[in-house]
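> Chains A, B, C and D, in that order, are what the protein sequence lines are. Under my numbering, the first residue of the first sequence is numbered -7, with each subsequent residue one higher. Under my numbering, the first residue of the second sequence is numbered -7, with each subsequent residue one higher. Under my numbering, the first residue of the third sequence is numbered -7, with each subsequent residue one higher. Under my numbering, the first residue of the fourth sequence is numbered -7, with each subsequent residue one higher.
If you are wondering where the hints come from, they were derived from the structure by calculation, not from laboratory data. Be aware that one or more of the hints could be misleading.
Since the list gives no way to pick out one identical chain from another, each pair is judged satisfied if it fits inside one copy or across any two copies.
Here are the computed lysine-lysine pairs in the DSSO-like style, where the Cα-Cα straight-line distance is at most 30 Å [to be verified]:
{"no.": "1", "residue 1": "123", "residue 2": "384"}
{"no.": "2", "residue 1": "383", "residue 2": "155"}
{"no.": "3", "residue 1": "123", "residue 2": "424"}
{"no.": "4", "residue 1": "465", "residue 2": "424"}
{"no.": "5", "residue 1": "383", "residue 2": "424"}
{"no.": "6", "residue 1": "155", "residue 2": "218"}
{"no.": "7", "residue 1": "418", "residue 2": "123"}
{"no.": "8", "residue 1": "155", "residue 2": "384"}
{"no.": "9", "residue 1": "123", "residue 2": "465"}
{"no.": "10", "residue 1": "123", "residue 2": "434"}
{"no.": "11", "residue 1": "418", "residue 2": "384"}
{"no.": "12", "residue 1": "155", "residue 2": "82"}
{"no.": "13", "residue 1": "424", "residue 2": "384"}
{"no.": "14", "residue 1": "434", "residue 2": "455"}
Protein chains: 4
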Amino acid sequence: MSSSQGSRPLRIERDTLGEMYVPADAYYGAQTARAVDNFPISGLRFPRQFIRAFGLIKYAAARANVRLGLLDERRGNAIMQAAMEVAEGKLDDQFVVDVYQTGSGTSTNMNVNEVIAARANEILTGVRSAKGEVHPNDHVNMGQSTNDVFPTAIQVAGALSIKEELLPSLRTLLEELERKASEFEDVVKSGRTHLQDALPVTLGQEFGSYASLVRRSIASVEVGLKALLELPIGGTAVGTGLNRHPDFARLVCEELSRLTGLEFREAPDRFELMGAMSAVVQASGSLRMVAHALLKIVKDLRLMGSGPNTGFAEIEIPAVQPGSSIMPGKVNPVIPEAVGLIAVKVIANDVSVLLAAQLGELELNMGMPLIAYDFLHSIQILASGSRVLAKKCIAGIVANVERCRELAESSPALVTVVAPIVGYDKAAVIAKRVLEQRRSIKEVMVEELGLPREEVDRLLDLKKLTRPGIPAKAV
Amino acid sequence: MSSSQGSRPLRIERDTLGEMYVPADAYYGAQTARAVDNFPISGLRFPRQFIRAFGLIKYAAARANVRLGLLDERRGNAIMQAAMEVAEGKLDDQFVVDVYQTGSGTSTNMNVNEVIAARANEILTGVRSAKGEVHPNDHVNMGQSTNDVFPTAIQVAGALSIKEELLPSLRTLLEELERKASEFEDVVKSGRTHLQDALPVTLGQEFGSYASLVRRSIASVEVGLKALLELPIGGTAVGTGLNRHPDFARLVCEELSRLTGLEFREAPDRFELMGAMSAVVQASGSLRMVAHALLKIVKDLRLMGSGPNTGFAEIEIPAVQPGSSIMPGKVNPVIPEAVGLIAVKVIANDVSVLLAAQLGELELNMGMPLIAYDFLHSIQILASGSRVLAKKCIAGIVANVERCRELAESSPALVTVVAPIVGYDKAAVIAKRVLEQRRSIKEVMVEELGLPREEVDRLLDLKKLTRPGIPAKAV
Amino acid sequence: MSSSQGSRPLRIERDTLGEMYVPADAYYGAQTARAVDNFPISGLRFPRQFIRAFGLIKYAAARANVRLGLLDERRGNAIMQAAMEVAEGKLDDQFVVDVYQTGSGTSTNMNVNEVIAARANEILTGVRSAKGEVHPNDHVNMGQSTNDVFPTAIQVAGALSIKEELLPSLRTLLEELERKASEFEDVVKSGRTHLQDALPVTLGQEFGSYASLVRRSIASVEVGLKALLELPIGGTAVGTGLNRHPDFARLVCEELSRLTGLEFREAPDRFELMGAMSAVVQASGSLRMVAHALLKIVKDLRLMGSGPNTGFAEIEIPAVQPGSSIMPGKVNPVIPEAVGLIAVKVIANDVSVLLAAQLGELELNMGMPLIAYDFLHSIQILASGSRVLAKKCIAGIVANVERCRELAESSPALVTVVAPIVGYDKAAVIAKRVLEQRRSIKEVMVEELGLPREEVDRLLDLKKLTRPGIPAKAV
Amino acid sequence: MSSSQGSRPLRIERDTLGEMYVPADAYYGAQTARAVDNFPISGLRFPRQFIRAFGLIKYAAARANVRLGLLDERRGNAIMQAAMEVAEGKLDDQFVVDVYQTGSGTSTNMNVNEVIAARANEILTGVRSAKGEVHPNDHVNMGQSTNDVFPTAIQVAGALSIKEELLPSLRTLLEELERKASEFEDVVKSGRTHLQDALPVTLGQEFGSYASLVRRSIASVEVGLKALLELPIGGTAVGTGLNRHPDFARLVCEELSRLTGLEFREAPDRFELMGAMSAVVQASGSLRMVAHALLKIVKDLRLMGSGPNTGFAEIEIPAVQPGSSIMPGKVNPVIPEAVGLIAVKVIANDVSVLLAAQLGELELNMGMPLIAYDFLHSIQILASGSRVLAKKCIAGIVANVERCRELAESSPALVTVVAPIVGYDKAAVIAKRVLEQRRSIKEVMVEELGLPREEVDRLLDLKKLTRPGIPAKAV
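Chain A on its own, in the form it takes in the complex (with noise of 0.2 Å):
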């Protein structure tokens, strides 16, 4: 017999493999002290987003069961009072085992097993321990296992925290993104390829483009989403659903569509979401895409946030804060430079779903554990890091408009203009003078080509060239 503790008054708890000393107020019991043992390796827990979703499906789990008969009211009720006070966050402090556990989250599922099946003792005896009238394996844990559980709520919490927080988060975002879009309509400025001057658009063309993005993103999410919604709980042990009564499954996903306003259902296969994450890394490609279009949007805003004085300086970021420890009166894009932080570790995550999802073979998948922080993870800081660029930078913004057409006037592609009455090989030799001889291309055109200027300020109306159509031949 071992402990896990330091000085703290103990009791003790058994389990399978003998007895175990737990701190005399704790919920949880042997298992989980002994999972306590066997990895003390990162710190990191569990977040509260998964917590909930395991307090949901004991809770459902619980009612299932009573309403079929398998477990008596006084039980059941005891584990739903306890199951809905960790959903609630009541019992957090509980939930002690690392994220770096057993492959298949035995020691979480247990973990929360015990907690709920110590308060529920606690509640119908006053005695706080986790073997008693209820049983974490017997009445907690009835109808379940580990294999179906923990997948399950991965999915439960992520298609929670996608609901909550980063849906309406990315709306939020698309909105900022949109409402600038139509305030730079008219803002013209150069485009750039190969970061070289290029033909004129319009800044709100590029904030546009940022929206598509993000609206992309939302489809995507949305389509990961739903892939969530099929859960794999009622497959117990190997997916065969051994032990669980026939509408058990049902009337889980019904009690958890209940409770959260989301349309969960029996997955078709639960063998294939229990052994391959299938759903869930299905999902965590569509944050991929989040991050793939929040990167492109912060690199794109630094760059023409850029200066003041020797950068490009076409719009101005909101001062968040003072910019350096050592340069007084600095100020930098510090919101988008987060964004690109969280999008980089978006991506990342997302190759650690994937490689997890490995993990394991036949009727296991053994990375869940990973699987559940980081996927989750994943999500809160595309929420979050998406609201804030949303209220603390996007909607800030401000154009220089003289800088930027300025700049789009000076850009010497606007040549380009004329390729269709010249041709391309013409068209290039004025350029080349353009640039050779530092004069304004205005003033080339009219000489090489024998226009009339106000032809030549016709053609060059940098408006009417962020627009399909030939100026040249007046299409």
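Start from chain A and add chains B, C and D according to the hints.
Structure of chains B, C and D alone, referenced to chain A:
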């Protein structure tokens, strides 16, 4: 003036930087020759599907420009004929630019423009020259820019490959897996979790889960395909569409749809696609889902087929070649292994596509040539790999029914069946006894629980244990 | 003026953007409070080792500035005392800025500067205020910039963690593996290639190869550690060292070496380290080598320990906790599984470090806070994981000697022994016969080759087959 | 009996599974033909360097076996001649097996064995047949197995490519960067952090940091090369060395060293290398370091070369080809862009190598063919990319000295110089004023600080600000 060629007869071609020698019989011109000089990197060339897509696009563009009155019929028809020859593969040896080139793919677009121009000029005048009556930029590239044509070509090539190769292969694989799932419906075997003996499943359930994985992959790829159908063509240099007719993009999409049977249409936001390659990133993500599915399947197959004498030996994988250069008579699961390599490569290519799509900024994506190569390579190897897996492996798998049954009967996890009546803790004691005393589980159950032998036999009807229900409670 | 706090008593602090409320008992000041407001992202905080490194650097910097006559002793001593308290962990709860923040880590550097300044002011005057006699920028940050301090802190923290935690753990793991390699020296078992029966090896050879992998990992990490010892401190804002004394960096490195026992020195090129985080990228790559080694080892262990009845069952992995929430008596290889999760996470973190190190450009790397967190997290989990693997798993592994021998004898690949005399093709015929007729290989060899039974016994002396040589030719 | 061929004249070859048709003029035999049938996947073939390494190894093996008296001179000499022809590339068209094949690479090893056997038989008897006096397994493969030959070939090919191609290219790049660092020593320009105006640096310092990155890359690759020199040859089927002479491996390594000028030697632990491909994983990691360095360099170059009129325009990158198919006269930094693609590909290939090296278990690595292809591809493109970058880009870069100076002088961060005397907070006030009033920093400093103009000029001597020291304190 420099030359990239050996001792073949040469001719001189010109571009805006000056003169270049090219082989006298080449269709390509000065810009291509310059690119050959500039990028002596890998020797890799773009695949057939990509050249085909380029040919189709140039054909459709010429047709649109003729219809819009911007290109005369004489030149237009010559360009269309030449472009169709490119599409059909008749000029494949003329595409000589390395994959590793300018990030926009301009060198390849100009290679195509020059080859089509020279071939068109040959058709019109008998002279094989990239610049003549037909000009590579002014006529072949009319209304286009690399910045919209290149990503359009990636999307068209990808969509065609997915439709013509990948989806049919995946459907073939799905059919074979479904056939086996049905064939193995009654083959009871031991489930394994953590690679440890667990409760029974059927081999059919396992193959059914592989079928489900492939079904999900197909659905995922179909979403990816849909994303590819919205084309950025019409964006020209920076997304705005300068120098192309307002109706050009619509006509090109209609023509491409007619030529391919796919429903291409104008993208709602060209800037987004051109800057972030977001449709391709999305579609590449769907390929990763396929890779994940295939990897899971072949890893399981290798395990179940391990042996013949020292492994699981639950199935026999068809022998398609001698297995070892040193161990005579050895036969290995070489097809699943090849598919394992394919899956890893697709996962890595997906990383490549994502990172490449982050090269560049503002109006241009700078990772396009690499994206084209890796994305199309992934589609190709997934398509051929899935077909080979279906036909040369899955179709011929044989179950070792007897071996499966024996192992299933030997699993100490069968004790789980009585847990609902005797409780988890008591059941664990029985399991330990079975293992320590190396006795039959039925025997110990009779002895320890005082159950009649027939009742034990009924409880341990393995086939029944592979379905939902609680045998001990007759549910 | 805004506030990031709840209902605690507050005080006002100022920075160059204006006033901020902070909790009255906080040591941090306005910039920290602003960062808390700006980055409500993940809740993740930097680990102990990182705060420790920051404290040591600030201590060393103050000491250097005092010695150089730039900082008076009164302020210098107060800063040193406060910095040492930070290094020792006494003020850990004051570091409240999220990991996802400005890409330079300025918010964390200012958090440290403000806490040390406030504590130093408290020491000097009894007043806890970030700005007083001691100023966070002018005195605590003297001769420094986030741009050199932050990467220096990553390198110092990484070097300390590697030296104090990772290398000792890896050496412990190496010892246990070497011990087992020696213990299992005579345990002959079947080799497996393609998971198919192959020629015999010893279990000792297998554990020896795991020891070799760990040995290579240690060597690789030692190279990584060496890269970390060259510090960018002294580069200040952009690498040039403006506003620090010419001798400052040397003195800081000397002091850090004295404090840590590691031989830190000035980097030959600060620009390189600050811009590209190249030393950390390199060191992170060495962690990936460890992950690769651990993953290979634990995957093999899981296979060899598969069973007890339906798998390989060549070894027994110590039981450290009940394996299943539903299957009583099940015991799983949970420690190898946890190490599998760790390995995957380290691989993904290495991707994260690399991609983060590509954020930013020119004089500043913008991925630093994420690099810090992920790099240090990888070191920590590898260190704890290796130790747990050594002590809770490897040390207790038991070989099933008899089972190993039986499987080795059953391998049809043993026929390879006679190939040098009868040829590959004939030997293949014998192997086929053995398999088809399910007969003993010795029997078939006697019969087919007309060899005396003793000769066959001599040829198939399994232990001898695990060493180089050609038994059939008595070489 | 099946055939993989078209309508060419055929002959029959045999292996242990039966008969196969092969083209009458082919050197390969039945196993190769079978592999062609089995793996119609990608069309990718192994590169020259790999076939060369295989030829050298077979040559060395034959020579060793002759010296050890195991192979008669007649056969031995024929094999050696044939193997040398393979090494020299004379039979390259005979290596027809796809990269995606059995994970062990057996098909390629047998392809080599068959071609050498057939060519040797042709030399000896005039008959081109894979089985004759010389047998592919019994003689060409004598003392070997794919399991030791294939990884040996990867290591030999990798070592040769690194020595002959990559290191010379990197050294060329280093020289050009050092030359530019020296040339640009006095070109003062604005540093940029967060892409915001910062303190001055010299362009020479920036190029010096690129040189440092390449120096670190070279050192890293040299460590990787060293790892490759320890060969697993001699391990035969499972690492033990069964069926090879005790002196065989030593003799092969000596011969390979003689043939290549590299110091190959027997690996201390063959099992480790064969099972985990650890030497190659390590070497691949060193390539990633190069990729990281190159990517940082080219991203900076693109930024500094942005313009000509709307960007930074601090340097001019040599024009090597017309930049745009639509914008006449545009010139783009195409070489840096190509190097960007190369860097991304190498990063992705490194992921591929790592994941492939995790395929397989126990005595065999199953990712070898993919590892071979991707690892060698990375070396090749890094080598050619570095050389092209050095010669076609770096060597021709020109500094816009005047522009650099103007921007440097405009940076509001110059106020930092006075922070050591007036304090950070006061200096920030000055910086704000400079920006808000768009006035010269010198003017504001004179006015706000009451400093004589000459003193301000002295303080803001930009060149002096690029070196360590505290100008305001005359340190």
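> Indicate, hint by hint, whether the structure satisfies it.
We went through each hint and held it up to the structure:
no., hint, in the structure
1, 123 to 384, "between (51 Å within a copy, 27 Å between copies)"
2, 383 to 155, "within (20 Å within a copy, 42 Å between copies)"
3, 123 to 424, "between (86 Å within a copy, 21 Å between copies)"
4, 465 to 424, "within (23 Å within a copy, 50 Å between copies)"
5, 383 to 424, "between (45 Å within a copy, 25 Å between copies)"
6, 155 to 218, "both (11 Å within a copy, 24 Å between copies)"
7, 418 to 123, "between (89 Å within a copy, 14 Å between copies)"
8, 155 to 384, "within (22 Å within a copy, 41 Å between copies)"
9, 123 to 465, "between (86 Å within a copy, 23 Å between copies)"
10, 123 to 434, "between (88 Å within a copy, 28 Å between copies)"
11, 418 to 384, "between (48 Å within a copy, 27 Å between copies)"
12, 155 to 82, "within (23 Å within a copy, 40 Å between copies)"
13, 424 to 384, "between (43 Å within a copy, 21 Å between copies)"
14, 434 to 455, "within (16 Å within a copy, 39 Å between copies)"
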